[in-house]
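J.: Residue numbers (the numbering used here), protein chains in the order written: chain A, 1 to 401; chain B, 1 to 308.
Please note that the accuracy of each hint is not assured.
Straight line, CA to CA, 30 Å or less: simulated DSS-like cross-link-like pairs of lysine-lysine [unchecked claim]: (1) A:Lys326 <-> A:Lys353; (2) B:Lys301 <-> A:Lys39; (3) A:Lys326 <-> B:Lys197.
The set of hints was computed from the structure by calculation and includes no laboratory data.
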Amino acid sequence: MLWDALTLQLGYNATLVTVGAALLGVAAGVTGTFLYLRKRALVSDAISHATLPGVALAFIVMVALGSDGRNLPFLLLGAAVSSWLGLLCVNWLTGRTRLAEDAAIGAVLSVFFGFGVVLLTVIQTLSAGRAAGLEGFLLGSTAGMLFNDAVVIAVGGLLTLLLVVALRRPMSLVAFDPEFAAASGVNVQRVDLAIMGLAMAVTVVGLKVVGLVLIVAMLIIPPVTARFWTDRTDRMALISGACGGLAAWAGAALSATAPALPTGPIIVLTSFALFAVSLLLAPGRGLLAVALRHRRFQRRVHMRQGLLALASGQPIYERFTLNLLKRAGLAHADGVATEDGKARAAKALRDEKRWEFVRADQAFESAAAMYDGLREIETVLTSDQIAEIDRRIGGPRGVTV
Amino acid sequence: MSGAEFVPLSLTPLLIGVFAAVACALPGNFLVLRRQALIGDAISHVVLPGIVVAFLVTGVVAAAPMLLGAAGAAVLAVVMIEAIRRLGSIEPGAAMGLTFTTLFAAGVLLLEQSDTSGVHLDVEHALYGNLESLIWLDAVGWESLADPSALAGLPVELFRVAIALVGVAGFLWVFWRPLVLSTFDEGFAQTMGMRTKGIGLALVVVAAIAAVASFDAVGSIIVIAMFICPPAAARLMTNRLEAQVAWSVGFAMMSAVLGYVLAGYGPIWFGFDNAVSAAGMIATVSGVILALAALFGPCRKRLGAPAV
Numbered sequence: 001m002l003w004d005a006l007t008l009q010l011g012y013n014a015t016l017v018t019v020g021a022a023l024l025g026v027a028a029g030v031t032g033t034f035l036y037l038r039k040r041a042l043v044s045d046a047i048s049h050a051t052l053p054g055v056a057l058a059f060i061v062m063v064a065l066g067s068d069g070r071n072l073p074f075l076l077l078g079a080a081v082s083s084w085l086g087l088l089c090v091n092w093l094t095g096r097t098r099l100a101e102d103a104a105i106g107a108v109l110s111v112f113f114g115f116g117v118v119l120l121t122v123i124q125t126l127s128a129g130r131a132a133g134l135e136g137f138l139l140g141s142t143a144g145m146l147f148n149d150a151v152v153i154a155v156g157g158l159l160t161l162l163l164v165v166a167l168r169r170p171m172s173l174v175a176f177d178p179e180f181a182a183a184s185g186v187n188v189q190r191v192d193l194a195i196m197g198l199a200m201a202v203t204v205v206g207l208k209v210v211g212l213v214l215i216v217a218m219l220i221i222p223p224v225t226a227r228f229w230t231d232r233t234d235r236m237a238l239i240s241g242a243c244g245g246l247a248a249w250a251g252a253a254l255s256a257t258a259p260a261l262p263t264g265p266i267i268v269l270t271s272f273a274l275f276a277v278s279l280l281l282a283p284g285r286g287l288l289a290v291a292l293r294h295r296r297f298q299r300r301v302h303m304r305q306g307l308l309a310l311a312s313g314q315p316i317y318e319r320f321t322l323n324l325l326k327r328a329g330l331a332h333a334d335g336v337a338t339e340d341g342k343a344r345a346a347k348a349l350r351d352e353k354r355w356e357f358v359r360a361d362q363a364f365e366s367a368a369a370m371y372d373g374l375r376e377i378e379t380v381l382t383s384d385q386i387a388e389i390d391r392r393i394g395g396p397r398g399v400t401v
Numbered sequence: 001m002s003g004a005e006f007v008p009l010s011l012t013p014l015l016i017g018v019f020a021a022v023a024c025a026l027p028g029n030f031l032v033l034r035r036q037a038l039i040g041d042a043i044s045h046v047v048l049p050g051i052v053v054a055f056l057v058t059g060v061v062a063a064a065p066m067l068l069g070a071a072g073a074a075v076l077a078v079v080m081i082e083a084i085r086r087l088g089s090i091e092p093g094a095a096m097g098l099t100f101t102t103l104f105a106a107g108v109l110l111l112e113q114s115d116t117s118g119v120h121l122d123v124e125h126a127l128y129g130n131l132e133s134l135i136w137l138d139a140v141g142w143e144s145l146a147d148p149s150a151l152a153g154l155p156v157e158l159f160r161v162a163i164a165l166v167g168v169a170g171f172l173w174v175f176w177r178p179l180v181l182s183t184f185d186e187g188f189a190q191t192m193g194m195r196t197k198g199i200g201l202a203l204v205v206v207a208a209i210a211a212v213a214s215f216d217a218v219g220s221i222i223v224i225a226m227f228i229c230p231p232a233a234a235r236l237m238t239n240r241l242e243a244q245v246a247w248s249v250g251f252a253m254m255s256a257v258l259g260y261v262l263a264g265y266g267p268i269w270f271g272f273d274n275a276v277s278a279a280g281m282i283a284t285v286s287g288v289i290l291a292l293a294a295l296f297g298p299c300r301k302r303l304g305a306p307a308v
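Take the sequences, apply the hints, and build the full model.
T.: Shown next, in the form of structure tokens:
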């Protein structure tokens, strides 16, 4: 059943929903990347909540003009206008008053949403029954998606994606270094508005699929997931788009297999699963990799300290250090060094001495900067240099009085 | 409007609205100053899964387990945000957005999966609240206020919100100095030996209590709006913190009263016979107040600091 859904064999309607959702997921993932890099992830929260009064007003206008009121493009146009207004309010509040951005976002999202709810109750009294389906904008209602709706969503998602591709260079420039971007002639404010406008487009298009409360997740979670896998903007946008598309595809397919699985939440939870896997397993930034790296580092520190202790004849009480030395065959269980251990300890002490010399000498300044107490001196200096240092340190000397 | 009509139908919703608004606005002052204004938004979203889980576990719609579930979810969310932020070194805003959308999605999914159609538990209710329906049926007029048998029939939400308000006010009263110091100069507060992390956590917990207590009476919209709009408007009116808190309480009460009255009677003035959502109207009025403060408030500009 699930396989059928994933391979688009569950009938016409399910296929429409799955393809539409996947396109939207890709567009959201790619757009969200720039939002995340610009540290504006939560602006999408304000944008999405600000769509509600627009949808409701568009509905009221359509009913007043005598039509049915459920024309998707017109409703989405209303959503776009009101969320753009909300965006301008956030910009104005942060730019012209001393309120911080989070307060502006919170104020806009709650007030616009509250006003939207007021309008919804007006609609309920205006036309009993005909408003059914409008509430689907809160949490998405993909099941009732018609062919025309799917086309609107697919085309909208595709257009957004193309715009992002066209604008990716100035957008990444602004995201990383706004001052440099401004100095090299990029209009930072206009690029910022473009990023916001694209996020708005994704939000408006996604209303029908996941609803206004959860569209935020499609803009935030994939970029965060992608950040674990790469340090490059272009790759991050690609991975983020792939994550978003995959989550939307799998989520929509999964929800098509049972009636009680709402599409929006399933897509969000799939997306979160991808995030959780990345958090754990990503190379470099993932928890597992970090833990392994930490453990390796810990071993090296203990080993080094243990060797230095052996060299100066001090007893080792620390269990972990002793175990490490024992396992490497450098010490006996009672903490006495083996022949091998004595040699290694002498070498460690010698290296410490060499480092001391290097750090004291101005001539080795760049090499001395590499000192962290663990690095082998051979990796920094050539054998000629080491020989020179050894000559200057001199051999072991007797105690002079 | 006579007492016989006002007392049973409007007095208790009005009081609940005012209490909830003030209980949220008080901690909101510090959240806005600490740039944590969106904590209120996050908390009110994650309350949903908490309530659903509590319902699934106990099988009844009872206040105590639901409040516990909601509070548990709020704490879980705070822990999750902090864990994701630290473990993945992710920007706080994104960590918050990720957490609350995921938990909210889980709540909606649980709600759809479980058979809760028979009880009063749905997403719209969670968002809008049911302020209008919290009426005092036993009252007959002003004289009922002195009648113990009628007072026993007061909506239980009134007491819950009132207790939350007293708790929040008490917390601010007792911890005023550490709160102020750690908000404005965390480093200095630390050198004074204060546990600034603990104070910050306590503030979030108190905010969560206010949110959860108000949530089931008035819905999440008012909670989010009251956490942010009155304190933000108050911040544009004055430079002194005490005055700001006073302004915010005034704005919160004004929003609640004006919003409730406009929702109930406004449409009638315009010739419609049905009331509109009180919760939505209260949020709208608080937004209008904020807009006026942003346009005309005496301290609205950021002076001396670079635009961030």
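J.: Does each hint hold? Answer for all of them.
T.: Structure-based check of all given hints:
no.	hint	in the structure
1	A:Lys326 <-> A:Lys353	25 Å, holds
2	B:Lys301 <-> A:Lys39	24 Å, holds
3	A:Lys326 <-> B:Lys197	43 Å, violated
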